[in-house]
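Peer 1: Following this note's numbering, the numbering of the sequence shown begins with 26 at its first residue and continues without gaps.
Derived by calculation from the structure, the hints in this document are not laboratory data.
Heads up, a few of these hints could be off.
For lysine to any residue, the following SDA-like pairs were computed, each having C-alpha atoms within a straight-line distance of at most 20 Å [stated by the list, open to error]:
#  : residue 1 : residue 2
1  : Lys82     : Lys134
2  : Lys116    : Phe61
3  : Lys47     : Gly77
4  : Lys178    : Ala478
5  : Lys257    : Gly85
6  : Lys257    : Pro176
7  : Lys635    : Ala603
8  : Lys112    : Gly124
9  : Lys47     : Pro90
10 : Lys134    : Ala145
11 : Lys353    : Gly377
12 : Lys47     : Lys34
13 : Lys47     : Tyr102
14 : Lys257    : Ile65
15 : Lys200    : Lys241
16 : Lys635    : Thr161
17 : Lys241    : Lys474
18 : Lys411    : Gly425
19 : Lys600    : Asn569
20 : Lys411    : Arg465
21 : Lys241    : Gly114
22 : Lys347    : Ala365
23 : Lys293    : Arg500
24 : Lys654    : Lys411
25 : Lys116    : Gly77
26 : Lys47     : Gly85
27 : Lys241    : Asp285
28 : Lys34     : Glu138
29 : Lys347    : Asp469
30 : Lys426    : Lys411
31 : Lys101    : Glu138
32 : Lys101    : Phe61
33 : Lys293    : Ala366
34 : Lys88     : Asp105
35 : Lys654    : Gly289
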Amino acid sequence: MLETLLYPKAIAVIGASRNPGKVGYAVLANLVNNGFKGPIIPVNPEADEILGLKCYKSIGEYKGPIDLSIIMVGAKYVKDALQSSIKAGAKSVIVITAGFKEVGAEGAKAEQELVEICRAGGVRMVGPNCLGVLNTDHHMNATFAPSVPPPGKISVISQSGALCVAILDWAAEQKLGLGKVISFGNKADLNEVDFIETLAEDKETKVIAGYLESIKEGDKFLRIAEQAASVKPVVILKVGITSAGAKAASSHTGSLAGADMAYGAAFKRAGVIRAENFEALFDYATAFAMQPLPNGERVAIITNAGGPGIMAADAAESSGLKMVSPSKESDTKLRAFMPAAGAFGNPIDVIGDAPPDRYVNAFEVMQDDETIDAVVVVVTPQNMTKPLELAEKLGAAHKGKKPMLAVFMGGTEVAAAKEKLMALGIPNYTSPDRAVTALRAMCDYAAWKRRPARMVTRFPVNRRRVDRIINAQERTGVTQIGEVEAKEILRAYDFNILGGQLAQTGDEAVEIAERIGYPVVLKISSPDIIHKSDFGGVRINLANAEQVRDAFDLMILRIQKRAPNAHLRGAYVEKMGARGREVILGMTRDPQFGPMLMFGLGGIFVEVMKDVTFHLAPITAEEAMQMLKGTRSYALLQGARGQAPVDLEALAGALQRISQLVTDYPEIRELDINPFIVGPVGVQAYVADARMTLSTAGKAHE
26 MLETLLYPKA
36 IAVIGASRNP
46 GKVGYAVLAN
56 LVNNGFKGPI
66 IPVNPEADEI
76 LGLKCYKSIG
86 EYKGPIDLSI
96 IMVGAKYVKD
106 ALQSSIKAGA
116 KSVIVITAGF
126 KEVGAEGAKA
136 EQELVEICRA
146 GGVRMVGPNC
156 LGVLNTDHHM
166 NATFAPSVPP
176 PGKISVISQS
186 GALCVAILDW
196 AAEQKLGLGK
206 VISFGNKADL
216 NEVDFIETLA
226 EDKETKVIAG
236 YLESIKEGDK
246 FLRIAEQAAS
256 VKPVVILKVG
266 ITSAGAKAAS
276 SHTGSLAGAD
286 MAYGAAFKRA
296 GVIRAENFEA
306 LFDYATAFAM
316 QPLPNGERVA
326 IITNAGGPGI
336 MAADAAESSG
346 LKMVSPSKES
356 DTKLRAFMPA
366 AGAFGNPIDV
376 IGDAPPDRYV
386 NAFEVMQDDE
396 TIDAVVVVVT
406 PQNMTKPLEL
416 AEKLGAAHKG
426 KKPMLAVFMG
436 GTEVAAAKEK
446 LMALGIPNYT
456 SPDRAVTALR
466 AMCDYAAWKR
476 RPARMVTRFP
486 VNRRRVDRII
496 NAQERTGVTQ
506 IGEVEAKEIL
516 RAYDFNILGG
526 QLAQTGDEAV
536 EIAERIGYPV
546 VLKISSPDII
556 HKSDFGGVRI
566 NLANAEQVRD
576 AFDLMILRIQ
586 KRAPNAHLRG
596 AYVEKMGARG
606 REVILGMTRD
616 PQFGPMLMFG
626 LGGIFVEVMK
636 DVTFHLAPIT
646 AEEAMQMLKG
656 TRSYALLQGA
666 RGQAPVDLEA
676 LAGALQRISQ
686 LVTDYPEIRE
696 LDINPFIVGP
706 VGVQAYVADA
716 RMTLSTAGKA
726 HE
């Protein structure tokens with residue numbers, strides 16, 4: 026796939042220049058100097074020869090086959106150059122020229138015209154407004170970047186050309202090998218999905234690293250990224266996150282979601298490793314490219330200094346890695362050659378006077394210890410250390426059975442050792458926390474690859490009842506589904522709904538309360554009042570007829586004054602439920618990736634701490650449990666501080682039922698069950714309050 030773009034046999038350079046200060050010169054020079062093996066066809070109507078190559082007045086003058094055409098003429102001439110390239114037989118085109126969609130409406134119109142020309146001609150286009158494409162495997166540098174890294178197994182895709190230049194310069198300085206580097210700019214035709222799909226199939230690429238500002242096709246991205254991640258790591262730095270999407274949201278879930286949560290949920294589903302920043306992007310990619318995946322989360326730290334060892338241990342524990350002690354057999358082996366002043370637990374401190382052999386012996390013991398899944402070697406350059414010799418011996422000792430990450434801390438004293446480690450395929454990090462964070466990413470990806478096949482449970486439900494409610498709602502043209510109807514929908518999906526009924530007068534409220542039994546809760550019912558508590562629209566624990574009647578009359582009176590234009594349907598009288606842990610279950614529909622489920626504990630955990638997790642629907646039972654475990658307050662659900670643990674299976678089941686509901690009914694835009702009350706195992710959880718929003722009034726779900 027994209028063979029003529031990444032492995033062209035002949036390349037035309039339209040806009041080639043004799044001026045070393047021009048992009049057209051830089052691209053041509055890079056192709057020549059990087060040793061491209063096939064014909065290079067410079068096109069410039071005012072030159073006979075550039076850099077020793079015959080120059081053509083037009084691409085049509087060249088009579089041989091052309092696979093790839095690189096266009097660098099002024100924006101108003103690009104269309105003609107593109108049409109000429111297609112006529113000359115080019116199957117792939119790189120438009121480096123800027124001045125299209127990024128400059129406004131006229132540019133966007135011109136850009137769309139280029140896309141239509143490409144589609145009509147069966148040609149694929151990179152750009153416009155990009156740096157170009159590099160393929161070190163093919164000795165092809167079709168970019169205007171000044172630096173070229175050595176060949177390697179990490180391939181990079183980037184929406185930003187300027188960042189690509191920085192990546193190439195940094196990789197060249199670090200001597201980090203790269204395979205393909207693709208800058209795709211405005212991605213008018215080819216986009217990140219196309220390149221991820223292509224690089225997943227590329228045998229020369231071991232790791233895909235990406236910088237993205239946006240994702241064009243959400244559904245397709247999920248499918249292709251998941252396919253790619255199943256065969257090799259995909260590490261992405263996603264920027265341009267804003268909360269703009271949450272401004273129009275009326276539910277708790279919608280207001281907490283935002284674009285950042287949507288991308289996080291999408292990456293989690295697809296197995297994409299998300300880098301938090303530029304450093305992390307290559308910290309992770311380097312570890313994946315150079316080291317095997319760990320079999321688990323048990324890490325051993327070997328150090329010659331207490332402080333850095335503690336830093337590494339703190340980072341490991343904070344990230345959820347397991348700091349286990351070496352086996353008894355390993356302990357015996359360590360004591361045979363280490364000084365008594367050393368530390369034999371974890372971290373293993375070979376102490377400051379350790380020569381290379383003591384370090385290496387300790388590493389070999391941990392490498393063979395079956396209770397350890399990964400080793401982090403922390404080195405400070407003390408007098409006896411001999412960093413370069415240590416790097417060489419560690420490389421020779423590493424059998425490749427489990428990952429080894431190095432932290433050679435310092436500057437000039439360890440510079441040669443760092444270079445040697447890179448050459449030996451051992452990633453080195455400037456600080457222990459960066460190494461540990463990279464190892465955490467490796468563990469997460471390895472766990473994702475080991476995950477069981479996704480099996481989404483389908484529950485027996487009453488869809489006819491839901492169809493009836495949504496049809497009636499859509500006929501009225503009201504998009505807000507209030508508590509009464511929302512609970513009926515949830516009842517159809519087998520949620521536990523306490524007895525209750527809508528009352529329009531105080532007498533009706535008393536009659537309902539007498540029938541369902543005291544104590545009861547009274548809640549205002551109005552399509553114009555979303556958050557009832559804000560208007561004094563909730564009264565709880567009403568124990569007799571007098572309290573119910575007084576509460577009803579007072580509630581209606583006060584709300585009529587506070588919200589005179591609100592349509593009041595009456596008050597919902599409901600049986601007072603048992604106490605339990607309050608949680609929020611919700612869904613908001615992301616425009617790119619579809620329904621996102623939300624889970625969080627009620628009260629300050631959501632309102633103040635925003636301690637919530639998101640996952641894309643549909644979810645499996647395992648993914649539902651992961652959502653619970655993903656909150657910082659998960660320990661409270663398990664029964665921390667002497668409290669009884671709640672029924673986690675009931676919570677996971679409720680999330681799965683919401684998942685099924687919102688998958689079945691795409692017209693449900695937002696949903697909140699707030700609160701959902703869950704108690705210990707054996708006590709049935711129930712919906713205390715709920716609301717939904719439809720996308721638009723219109724045709725009901727078929």
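Peer 1: What's the verdict on Lys116 and Gly77, does the C-alpha distance respect the 20 Å limit or exceed it?
Peer 2: violated, 26 Å
Peer 1: For the pair we were handed, Lys47 and Gly77, check the Cα-Cα distance against 20 Å.
Peer 2: holds, 17 Å
Peer 1: Given the proposed pairing of Lys426 with Lys411, does the C-alpha separation stay at or below 20 Å?
Peer 2: violated, 26 Å
Peer 1: If you draw a straight line from the CA of Lys347 to the CA of Ala365, is it 20 Å or shorter?
Peer 2: violated, 25 Å
Peer 1: Taking 20 Å as the top limit, are the C-alpha atoms of Lys257 and Pro176 close enough?
Peer 2: Holds: Lys257 and Pro176 sit about 18 Å apart, inside 20 Å.
Peer 1: Does Lys82 pair with Lys134 here, judged by a C-alpha cut-off of 20 Å?
Peer 2: Between Lys82 and Lys134 the Cα gap is close to 28 Å, so the pair fails against 20 Å, i.e. violated.
Peer 1: Take a quick look at whether Lys241 and Lys474 sit within 20 Å of each other, Cα to Cα.
Peer 2: violated, 26 Å
Peer 1: Take the C-alpha atoms of Lys116 and Phe61, compute the straight-line distance between them, and say whether it is at most 20 Å.
Peer 2: holds, 18 Å
Peer 1: Is the Cα-Cα distance between Lys47 and Gly85 20 Å or less?
Peer 2: Not satisfied, since the Cα-Cα distance of roughly 23 Å exceeds 20 Å.
Peer 1: Next pair to validate is Lys411 with Arg465; report whether the Cα-Cα distance is within 20 Å.
Peer 2: violated, 29 Å
Peer 1: Do the alpha carbons of Lys134 and Ala145 lie within 20 Å of each other, as the hint requires?
Peer 2: It holds: about 17 Å lies between the C-alpha atoms, which stays within 20 Å.
Peer 1: Regarding the pair Lys178 and Ala478, is the alpha-carbon distance no greater than 20 Å?
Peer 2: It is violated: about 29 Å lies between the C-alpha atoms, which goes past 20 Å.
Consistency with the previously given hints fails for numbers 1, 4, 5, 7, 8, 9, 11, 12, 14, 15, 16, 17, 18, 20, 21, 22, 23, 24, 25, 26, 28, 30, 32 and 33, ordered from lowest to highest.
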